[in-house]
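Asks: Start from the sequences and build out the full structure, keeping to the hints where you can.
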Amino acid sequence: MKASIVDGPFRKADYNLFPTLVQLYHVPLGTKENIFLENYTDLKEWPSDIGKGKTSSQTEMNLLHRPEMAKLKVSITSCLDEYCKDAGLQQVEIGKSWFNLQEEDGVIHKHRHELSIISGAYYPYVDDGSAPLIFESPVLAPKMSEIHNKVTHYTANNMEFEPRPEMLILFPSWLYHYSIPNKTKKRVTISLNTYHKTLDKQN
Amino acid sequence: MSVDFVHHQAFPTLISTFELEGHKDEKTVLELIETFEKTGNHRLVHEGQSSYIKGDEQFLNDKRLIDLWKTIQECCDVYTQEAGIDYTLISTSWFNCLYEGGLVDPHRHERSVISGAYYPYVEPGSSPLVLESPIQSNFMNTNSISLTNYNRYEIECVPKTGLLCIFPSWLRHSVPRNPTQKRYTISFNTVRHMDRNYYTTLRDYRMEKHESLDS
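As you go down the protein sequences, you meet chains S and C in turn.
Position 53, counted from 1, in the first sequence is what our numbering calls 50; the numbers after and before it change by one each time, with no gaps.
Position 25, counted from 1, in the second sequence is what our numbering calls 7; the numbers after and before it change by one each time, with no gaps.
No lab work stands behind these hints, which were simulated from the structure alone.
Source: prediction; values computed, not measured.
Be a bit skeptical, because a hint or two may be false.
[As the list claims (entries may be wrong)] Within a straight-line C-alpha distance of at most 25 Å, the following computed DMTMM-like cross-link-like pairs (lysine to aspartate or glutamate) qualify:
(1) S:Lys9 with C:Asp49
(2) S:Lys9 with C:Asp59
(3) S:Lys9 with C:Glu19
(4) S:Lys29 with S:Asp78
(5) S:Lys140 with C:Asp59
(6) S:Lys93 with S:Glu79
(7) S:Lys9 with C:Asp68
(8) S:Lys9 with C:Glu136
Replies: What follows is the structure, encoded as structure tokens:
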């Protein structure tokens, strides 16, 4: 792809190259899903090397495929379709999905989602002031000869997203992310992974 | 269904281009390049000549090019200010001449902060400067079906006479085989301005006199 350089005289042109696409959506939670999630209790503690909090990932990895979550799954799938179109990717389907609860001091250590294409975090319910989801810059490694004197789009080591109720964050699964210790009583997340539709069906 | 959304183009890499065509030193720089005696073969440059021999060359420090040095240095300051990194100082500089069939292998400029390519003369249709995506190694599990800002592996910066392109030194880049007779580039590296005293040969000509005036 060619960078388009303006015709005729100009003084300066800046190009923001090779960015990573993170998308935020507002996805309303239906009454049926809300009741189901409020009564969801099949949770176990995270292994300590992953974080501190409760999760369904040890027992339930198909949360969004349950009939009670059908409407939410359709909404999230529509957002994934849009992400794929914007990013130039082949369409994906929701694969594994699971429920997470972080209470006070709950934390998730840095990780990424291998084998997945796009990952997502949907917040059906979060208290105000809950811990942000933090993405780590994928271009930190080569910046060994420069000193940053202010945070800009180009120097940021990480990017924080404060969760809100009914917010969905979509991001490439290869992007490292984590959350810092939570200071509120309730921070609920539905996490999801995806796979390419036709490609995986052919295999 | 009402779905509001926001795009975040996270962690981009800044490339700045500056239009310097018609600079007062343009003619002088061409004369210097075309009469330069100490060119040779560089391992990265094929079918061309380079003044990069030892790696400590300071072509832009020639007294006859001081105004061009100052202009390029000012562009570096604009870049670092925009990017949010410490000011830099031009450290080494050299020129490459590519002829028909000439190319430059992929490389990056270790131990430099930002680098640049200034084109004092290029014939129309000359090869682009190709900048590689620093995040492409993460794309091993995705299947792209259309090219976007988020999945491209490289971008081509098409040179024209007078163009200056500044980019982070860690960004891998190359020049594919050139189809024209003449493509001249002045390349340069930089160090942190605050570190300039560690280098005995570096001067900031905006504050310090040229070494030719040393008594």
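Asks: Hint by hint, say whether it matches the structure.
Replies: Here is how each hint holds up against the structure:
{"no.": "1", "hint": "S:Lys9 with C:Asp49", "verdict": "18 Å, holds"}
{"no.": "2", "hint": "S:Lys9 with C:Asp59", "verdict": "13 Å, holds"}
{"no.": "3", "hint": "S:Lys9 with C:Glu19", "verdict": "34 Å, violated"}
{"no.": "4", "hint": "S:Lys29 with S:Asp78", "verdict": "24 Å, holds"}
{"no.": "5", "hint": "S:Lys140 with C:Asp59", "verdict": "18 Å, holds"}
{"no.": "6", "hint": "S:Lys93 with S:Glu79", "verdict": "20 Å, holds"}
{"no.": "7", "hint": "S:Lys9 with C:Asp68", "verdict": "20 Å, holds"}
{"no.": "8", "hint": "S:Lys9 with C:Glu136", "verdict": "21 Å, holds"}
Consistency with the previously given hints fails for number 3 only.
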